[in-house]
Amino acid sequence: MVHMIMEMVGNCSFTLATGNDQRGRLRRLKNGVPQGSVLEPLLFNIHISDLATTISRKYAYSDDLAIMHADGDWQSVEGALNKDMATLGEYLQTWKLKLSTTKTVSAVFHLNNKKAKRELKVNINNENLPFFSEPKYLGVTLDRSLTYQRHLESLCKKLTSRVALLRRLAGSSWGAGATTLRTATLALVHSNAKYCAHAWCRSAYTRLIEPTIIDGLRIVTGCLRPTPADNLPILAGIQPAELRRNSATLSLGRRAVEPGHLLHPALNRPTSAVARRLKSRHPFVLSAQ
Numbered sequence: 485m486v487h488m489i490m491e492m493v494g495n496c497s498f499t500l501a502t503g504n505d506q507r508g509r510l511r512r513l514k515n516g517v518p519q520g521s522v523l524e525p526l527l528f529n530i531h532i533s534d535l536a537t538t539i540s541r542k543y544a545y546s547d548d549l550a551i552m553h554a555d556g557d558w559q560s561v562e563g564a565l566n567k568d569m570a571t572l573g574e575y576l577q578t579w580k581l582k583l584s585t586t587k588t589v590s591a592v593f594h595l596n597n598k599k600a601k602r603e604l605k606v607n608i609n610n611e612n613l614p615f616f617s618e619p620k621y622l623g624v625t626l627d628r629s630l631t632y633q634r635h636l637e638s639l640c641k642k643l644t645s646r647v648a649l650l651r652r653l654a655g656s657s658w659g660a661g662a663t664t665l666r667t668a669t670l671a672l673v674h675s676n677a678k679y680c681a682h683a684w685c686r687s688a689y690t691r692l693i694e695p696t697i698i699d700g701l702r703i704v705t706g707c708l709r710p711t712p713a714d715n716l717p718i719l720a721g722i723q724p725a726e727l728r729r730n731s732a733t734l735s736l737g738r739r740a741v742e743p744g745h746l747l748h749p750a751l752n753r754p755t756s757a758v759a760r761r762l763k764s765r766h767p768f769v770l771s772a773q
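Per the working numbering, the sequence shown runs over residues 485 to 773.
Everything labelled a hint here was simulated from the structure, so no lab data went into it. We treat Cβ as the ideally placed atom computed from N, Cα and C, and that holds for glycine. Take these hints with a grain of salt, some might be off.
FRET-style restraints, in silico, Cβ to Cβ [to be verified]:
1. 503 <-> 567: 47 to 57 Å
2. 661 <-> 575: 51 to 61 Å
3. 711 <-> 554: 42 to 52 Å
4. 511 <-> 731: 46 to 56 Å
5. 711 <-> 587: 40 to 50 Å
6. 655 <-> 734: 37 to 47 Å
7. 662 <-> 534: 53 to 63 Å
The list that follows gives simulated cross-link-like pairs (lysine-lysine, BS3-like), each with its CA atoms no further than 25 Å apart [said to hold, decoys possible]:
8. 567 <-> 542
9. 620 <-> 642
10. 620 <-> 678
11. 599 <-> 567
12. 598 <-> 620
13. 605 <-> 567
14. 567 <-> 580
15. 605 <-> 587
16. 678 <-> 642
17. 542 <-> 587
18. 587 <-> 641
19. 580 <-> 514
20. 620 <-> 601
21. 605 <-> 582
22. 641 <-> 678
23. 641 <-> 620
24. 582 <-> 567
25. 620 <-> 599
26. 567 <-> 601
27. 620 <-> 605
28. 567 <-> 620
29. 642 <-> 587
30. 542 <-> 605
31. 580 <-> 542
32. 620 <-> 542
33. 542 <-> 582
34. 587 <-> 567
35. 587 <-> 620
36. 620 <-> 582
37. 582 <-> 514
38. 514 <-> 587
39. 601 <-> 587
Generate coordinates for the entire structure from the input sequences, incorporating the hints supplied.
If you want it as structure tokens, here you go:
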């Protein structure tokens, strides 16, 4: 198996082709694997399977790694993060991996308004990491109090542009049929409106995206403004956005109950806020944290 993988990813070369049939000179791929390769994430996970042990918790998706440490004292948080960054720096240097310092930032999440402008002092290789109050991780913009306001404002703009595409697709001269419009709405609007809904579905700012989703349903059904918004999902044959988000969150909660899931240890801590919410009347709220 090792020899077969080496044959697939070793001694590779590439060339750049443009639309007018022009090609660049042949270049050899000196490191890494071909971009878009199915083996790429698997080989990378094997490569970092012995990632150094840290005080903080590690959360990783492919090559996006986040470390998180919770404590009531700012100095303790900074001390733990600095130790972990030094540990990770040594690991990366040992295995010839390069940290993207331009994309690596520190952030803090809390509800203490008196220290809203307090910044973390974290460094690696004697370089201070930039502090960013609203970092983006895996496409989700986080804010200090985790209200997801900035993320939902950005999502609203994206959905508005997608609905504009649907409006062109439903033009009066060459308009698409209802089936095509329904499929396009599910792919362009509702798929984006449900992405990572487990985290932000209980935010008060979800109201920002609802009018845009309703506009998309009006395009699918061809209904006018006086038509009640509650009837549009039924006429379009599309589950309401709120139910889709809650369904996805409940699905995550059911998977988290299984041993081995990333959230399973949090559910089994009896003193955690997550465990307390498990016993409440609204079990899907816990997965939204």
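Hint check results:
A hinted range of 47 to 57 Å holds for the C-beta pair residue 503 and residue 567, which are about 51 Å apart. Restraint check, residue 661 to residue 575: a C-beta distance of roughly 56 Å satisfies the suggested window 51 to 61 Å. For the hinted restraint 42 to 52 Å between residue 711 and residue 554, the CB-CB distance of approximately 48 Å keeps it satisfied. Checked against the hint of 46 to 56 Å, the pair residue 511 and residue 731 passes, with Cβ atoms roughly 48 Å apart.
For residue 711 and residue 587, the Cβ-Cβ distance of about 46 Å falls inside the hinted range of 40 to 50 Å, so the restraint holds. Range check, residue 655 to residue 734: Cβ separation about 39 Å, and the 37 to 47 Å hint holds. Evaluation of the 53 to 63 Å hint for residue 662 and residue 534 yields a pass: the beta carbon distance comes to about 54 Å. Under the criterion of a C-alpha separation no larger than 25 Å, the hint pairing residue 567 with residue 542 is consistent with the structure, at around 14 Å.
Proposed proximity of residue 620 and residue 642 is supported: the alpha carbons are some 16 Å apart, at most 25 Å. Taking the CA atoms of residue 620 and residue 678, the gap is near 17 Å; set against the 25 Å cutoff, the hint holds. For the suggested pair residue 599 and residue 567, the alpha carbons sit about 24 Å apart, so the restraint of at most 25 Å is met. About 24 Å separates the Cα atoms of residue 598 and residue 620, which keeps this hinted pair within 25 Å; it holds.
Of the pairs offered as hints, the one joining residue 605 and residue 567 holds, with about 12 Å between alpha carbons and a cut-off of 25 Å not exceeded. Simply put, residue 567 and residue 580 have alpha-carbon atoms about 20 Å apart, close enough for the 25 Å limit, and the pair holds. A threshold of 25 Å between alpha carbons decides the hint, and for residue 605 with residue 587 the separation of about 16 Å falls inside it, so the pair holds. Under the criterion of a C-alpha separation no larger than 25 Å, the hint pairing residue 678 with residue 642 is consistent with the structure, at around 13 Å.
For the hint pairing residue 542 with residue 587, the CA-to-CA distance comes to about 17 Å; that is within 25 Å, so the pair holds. A distance of roughly 24 Å separates the Cα atoms of residue 587 and residue 641; the hinted pair therefore holds under the 25 Å criterion. For the hint pairing residue 580 with residue 514, the CA-to-CA distance comes to about 13 Å; that is within 25 Å, so the pair holds. Distance hint between residue 620 and residue 601 is fulfilled; the C-alpha atoms sit about 18 Å from each other, no more than 25 Å.
With a C-alpha separation of about 21 Å, the suggested pairing of residue 605 with residue 582 holds against the 25 Å cut-off. Of the pairs offered as hints, the one joining residue 641 and residue 678 holds, with about 15 Å between alpha carbons and a cut-off of 25 Å not exceeded. With a C-alpha separation of about 16 Å, the suggested pairing of residue 641 with residue 620 holds against the 25 Å cut-off. Restraint check: the Cα-Cα separation between residue 582 and residue 567 comes to about 18 Å, which is no more than 25 Å; the hinted pair holds.
Pair hint residue 620 plus residue 599 holds up; C-alpha atoms about 21 Å apart against a cutoff of 25 Å. In summary, the hint linking residue 567 to residue 601 is supported, as the alpha carbons are separated by about 24 Å, within the 25 Å threshold. Using a Cα cut-off of 25 Å, the hinted pair residue 620 and residue 605 holds, with the two alpha carbons roughly 19 Å apart. A C-alpha spacing of about 23 Å is found between residue 567 and residue 620, which places the hinted pair at or below 25 Å, so the restraint holds.
Note on residue 642 and residue 587: the hinted pairing holds, with a Cα-Cα distance of about 23 Å set against a maximum of 25 Å. At most 25 Å may separate the alpha-carbon atoms for a hinted pair to count; residue 542 and residue 605 meet this at roughly 19 Å. Between residue 580 and residue 542, the direct Cα distance comes to roughly 20 Å. Compliance with the 25 Å bound is thereby established for this hinted pair. As the CA atoms of residue 620 and residue 542 are separated by approximately 16 Å, the hinted pair is consistent with the 25 Å bound.
Restraint check for residue 542 and residue 582: satisfied, since their Cα atoms lie roughly 18 Å apart, inside the 25 Å limit. For the hint pairing residue 587 with residue 567, the CA-to-CA distance comes to about 20 Å; that is within 25 Å, so the pair holds. The straight-line distance between the Cα atoms of residue 587 and residue 620 is roughly 10 Å, inside the 25 Å bound, and the hint therefore holds. For the hint linking residue 620 to residue 582, the alpha-carbon distance of about 20 Å falls within 25 Å, and the restraint holds.
Between residue 582 and residue 514, the direct Cα distance comes to roughly 15 Å. Compliance with the 25 Å bound is thereby established for this hinted pair. As the CA atoms of residue 514 and residue 587 are separated by approximately 23 Å, the hinted pair is consistent with the 25 Å bound. Taking the CA atoms of residue 601 and residue 587, the gap is near 21 Å; set against the 25 Å cutoff, the hint holds.
Hint compliance for this structure: no hint is broken.
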